[in-house]
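Asker: Listed here are the chains, written in short residue letters.
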Amino acid sequence: MLYFIYMLGKGGKRKFDEHEDGLEGKVVSPTDGASKVSYTLQRQTIFNISLMKLYNHRPLTEPSLQKTVLINNMLRRIQEELKQEGSLRPMFVAASQPADPLSDNFREAQPAFSHLASPPLLPADLVSTMPLESCLTPASLLEDDTFCTSPAVQHDGPTKPPPPALQPVKDSFSSALDEIEELCPAPTSAEAVAAESAADDSKAQPSESNIHKPEGLPESRTAESKLMDPLPGNFEITASTGFLTDLTLDDILFADIDTSMYDFDPCTTATGAASKMAPVSADELLKTLAPYSSQPVTPNQPFKMDLTELDHIMEVLVGS
Amino acid sequence: MAANPPCTSAPRLQPFSQFPSSVLVECGSPGTDIISTVEFNHTGELLATGDKGGRVVIFQREQESKNQPHRRGEYNVYSTFQSHEPEFDYLKSLEIEEKINKIRWLPQQNAAYFLLSTNDKTVKLWKVSERDKRPEGYNLKDEDGRLRDPSMITVLRDSLLGVGGSTGRALWEPVRASPMPAAGVGLEPVPGADALLLALQVPVLRPMDLMVEATPRRVFANAHTYHINSISVNSDYETYMSADDLRINLWNFEITNQNIVDIKPANMEELTEVITAAEFHPHHCNTFVYSSSKGTIRLCDMRTAALCDRHAKFFEEPEDPSNRSFFSEIISSISDVKFSHSGRYIMTRDYLTVKVWDLNMENRPIETYQVHDYLRSKLCSLYENDCIFDKFECVWNGSDSVIMTGSYNNFFRMFDRNTKRDVTLEASRENSKPRAILKPRKVCVGGKRRKDEISVDSLDFSKKILHTAWHPSENIIAVAATNNLYIFQDK
Chain A
153 MLYFIYMLGK GGKRKFDEHE DGLEGKVVSP TDGASKVSYT LQRQTIFNIS
203 LMKLYNHRPL TEPSLQKTVL INNMLRRIQE ELKQEGSLRP MFVAASQPAD
253 PLSDNFREAQ PAFSHLASPP LLPADLVSTM PLESCLTPAS LLEDDTFCTS
303 PAVQHDGPTK PPPPALQPVK DSFSSALDEI EELCPAPTSA EAVAAESAAD
353 DSKAQPSESN IHKPEGLPES RTAESKLMDP LPGNFEITAS TGFLTDLTLD
403 DILFADIDTS MYDFDPCTTA TGAASKMAPV SADELLKTLA PYSSQPVTPN
453 QPFKMDLTEL DHIMEVLVGS
Chain B
-7 MAANPPCTSA PRLQPFSQFP SSVLVECGSP GTDIISTVEF NHTGELLATG
43 DKGGRVVIFQ REQESKNQPH RRGEYNVYST FQSHEPEFDY LKSLEIEEKI
93 NKIRWLPQQN AAYFLLSTND KTVKLWKVSE RDKRPEGYNL KDEDGRLRDP
143 SMITVLRDSL LGVGGSTGRA LWEPVRASPM PAAGVGLEPV PGADALLLAL
193 QVPVLRPMDL MVEATPRRVF ANAHTYHINS ISVNSDYETY MSADDLRINL
243 WNFEITNQNI VDIKPANMEE LTEVITAAEF HPHHCNTFVY SSSKGTIRLC
293 DMRTAALCDR HAKFFEEPED PSNRSFFSEI ISSISDVKFS HSGRYIMTRD
343 YLTVKVWDLN MENRPIETYQ VHDYLRSKLC SLYENDCIFD KFECVWNGSD
393 SVIMTGSYNN FFRMFDRNTK RDVTLEASRE NSKPRAILKP RKVCVGGKRR
443 KDEISVDSLD FSKKILHTAW HPSENIIAVA ATNNLYIFQD K
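Residue numbers (my numbering), protein chains in the order written: chain A, 153 to 472; chain B, -7 to 483.
Quick caveat, the hints were computed from the structure, so don't treat them as lab data. Every residue gets a Cβ at the ideal spot worked out from N, C-alpha and C, and that includes glycine. There's no promise every hint is true.
[Claimed, not checked] Derived coverage of chain B by chain A (criterion: at least 3 residues anywhere in the stretch with Cβ under 8 Å from a Cβ of chain A; other residues may be distant):
id, segment
1, 290 to 297
2, 341 to 348
[What the hints assert, rightly or not] With a Cα cut of at most 20 Å, we get these calculated PhoX-like pairs of lysine-lysine:
id, chain 1, residue 1, chain 2, residue 2
3, A, 219, B, 256
4, B, 443, A, 219
5, B, 431, B, 443
6, B, 431, A, 219
7, B, 431, B, 370
8, B, 305, A, 219
[Stated by the list, open to error] Quick partial rundown of chain B residues pointing at chain A, CB under 7 Å, derived from the structure:
id, residue
9, 87
10, 89
11, 263
12, 264
13, 285
14, 436
15, 437
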């Protein structure tokens, strides 16, 4: 989640404004390289915004089901799109498969990463014949998906041509990932995702000079790993979700975070309490997430991660 | 059912002017007096507004007096009452807002007025009645309402009944009580009496200042798990329906209710579509429509089955591939659906357009009107600040020839279906004086901005007109701009 908060800080916002004309809801030409990057950036931004909307507002009243459904559909669509794009590339099996009993989600995420190792194969024409409904498979079924190498790829209704070539995966990623796994032998999906982001961010630091740049590979891969995770069933307020049942890693990561990034510009928060982003402490954030989880949240649950490593990550991210 | 009276004047889009009392500010603590619904009753005599604080304010049109024929009937406050209070759902630890989502009037059947008002969870039937006489001269309480000391009240003696003696005493025998100061009406001191005497009297009705009181007659609660977005009174006047995100219930006014639509999936993770609005057909009491967040409208016939899960008609427009974007689904979500008065058409409002559908043609609307297409390039920002989820309503005029809907910057738009002309007007105090004619506004979408035009970037997205109402027979419109209510009429 750290990554997404960062994206919406001031730096990310300025970046967004520069691209605004090219980003806003326009159909991107499949042959234009710059547009493809812009398309990816747009999709990424929208994905981040959607996640923030779902998890970062603190409703005193029940959140609007219509809004939640629409945002969820948006996330699913982007997720599906990336899945389709991931299936275009030939399979690349990661050298070090984690042997730990990780959740299916994490296992699912890794092949998505591996796909980025090889140069992309972009069929010239993509037919979008699949109706939208058939692509919105329940998240639980994503585990059974096998990677299709057939060139005849079908996209859902509103998708666009796949994004441009992404940089090949760095070797240090797998090692960083293993490092995290050693620290947390049995992570849940939430931890796995956060672990990935932590690993990505720590890996990103030596490779990317400007951590603010949202177009870099690590961020997008982190996003992809998050994208492959199942979307939470947050329609029932009291239902526990795989995404949020265990908040241990999150609360450690959030403990020292500089929450000034939550202060949006007034011009972007035109509407009322739902979009108001007051500075929020870790405890408050956890209370936010409490309605979505039936399990009690204990803010100070100990976590086995090395805190010096954590400080290092924090330093990198906050840029201090 | 009585037919709607024909429009008294040919509808014109311009000009519209204001009543002298057109800006009716609702008093209340800041933030709670944001108007959340506006509705004329069936004659147009009454105009009801509900606000975020759970209050209902009813305006009544002044009777046009013969002495001042040039002075059109103005709307003045008729009644104010607290319809809903905030509640707390202890099971989910969440507040239930008292904001009034919808008000619907019942057709008038006697001297009293009835309306339904609803918040997210509870529908209430209110009776609004006038009182201009009150009984006076109670025996057991004085005029202030305080109970009198029972020992002060005399008992009718036998002598009054014609039995009894001629002792020379007064007709009323004083009660043995300590002297009390005289107060109120009806006390007659009797010489030699130790206590004051009261004469029993029959209370009489005396005229008083007109008082309008609202009493809740029914409370329809605990029937909706999700948030109620619509209520609609049936043309049979015996039933009404309430719709939330996933279910529609049919109510008899005697409280019983029955579920007629249920789109909740077995696994909530599979939920991708919700109900956004619902309305009964104005003439056919078995027919209703409901719209969805995917831009579809379903027409259902209650005669086919008890649970109307299978629609009789399904209205959906195929997606325009040239306009496809990430936000296509969100902007296609229908925020309001309204039958025309004739019952032949339905009108739907999605984020950027208003569409008119013929009930006999399901595959596409017969008319599409762009409300603020210049926002199409701003969808990402509007998604970020949640404006893309704003639910605009739309209304027909009495003759179904003009449709109206709101926009941002306190703008509202009218479309003439016959001439295909449209106009943008603004509801704001700065720009309008009483009796002034509203000036058409224009949004500049690009290129050189003319003097009176407003550029898209300077639109105020916090000033949104979501709720409007049109008088059933005359060219009088009510426009709710945040916490101000504007009433305009055609000159």
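Asker: Next, verify each hint and record whether it holds.
Answerer: Status of the hints after comparison with the structure:
1. Coverage of a stretch by a chain is defined here by at least three residues with a beta carbon nearer than 8 Å to that chain's beta carbons; for the segment 290 to 297 of chain B and chain A the count is 0, and the condition is violated.
2. Counting residues of the segment 341 to 348 of chain B whose CB lies closer than 8 Å to any CB of chain A gives 0, which falls below the minimum of 3, so the coverage claim is violated.
3. Annotation: proposed proximity of residue 219 (chain A) to residue 256 (chain B) holds, straight-line Cα distance about 16 Å (limit 20 Å).
4. In summary, the hint linking residue 443 (chain B) to residue 219 (chain A) is not supported, as the alpha carbons are separated by about 38 Å, beyond the 20 Å threshold.
5. Among the hinted pairs, residue 431 (chain B) with residue 443 (chain B) is consistent with the structure: their alpha-carbon atoms are about 14 Å apart, no more than 20 Å.
6. For a cut-off of 20 Å, the pair hint linking residue 431 (chain B) to residue 219 (chain A) is broken: about 36 Å separates their Cα positions.
7. Between residue 431 (chain B) and residue 370 (chain B) the alpha-carbon distance is near 26 Å, which puts this suggested pair outside the 20 Å criterion.
8. Of the supplied pair hints, the one linking residue 305 (chain B) and residue 219 (chain A) is violated, its CA atoms being roughly 26 Å apart against a limit of 20 Å.
9. Given hint, residue 87 (chain B) at the interface with chain A, holds; its Cβ is 5 Å from that chain's nearest Cβ, closer than 7 Å.
10. This hint holds: residue 89 (chain B) has a C-beta 5 Å from the nearest C-beta of chain A, less than the 7 Å allowed.
11. A hinted interface residue such as residue 263 (chain B) counts as satisfied when its beta carbon comes closer than 7 Å to some beta carbon of chain A; here the least separation is about 5 Å, so the hint holds.
12. The interface hint given for residue 264 (chain B) is met, as the beta carbon of that residue sits about 6 Å from the closest beta carbon of chain A, less than 7 Å.
13. For residue 285 (chain B), the shortest C-beta to C-beta distance to chain A is roughly 5 Å, which falls under 7 Å, so the interface hint holds.
14. The beta carbon of residue 436 (chain B) is not positioned within 7 Å of any beta carbon in chain A (closest approach about 17 Å), and the interface hint is therefore violated.
15. For residue 437 (chain B), the interface hint is violated, the least distance from its beta-carbon to any beta-carbon of chain A being 14 Å, above 7 Å.
Of the numbered hints stated above, those contradicted by the structure are hints 1, 2, 4, 6, 7, 8, 14 and 15, listed in ascending order.
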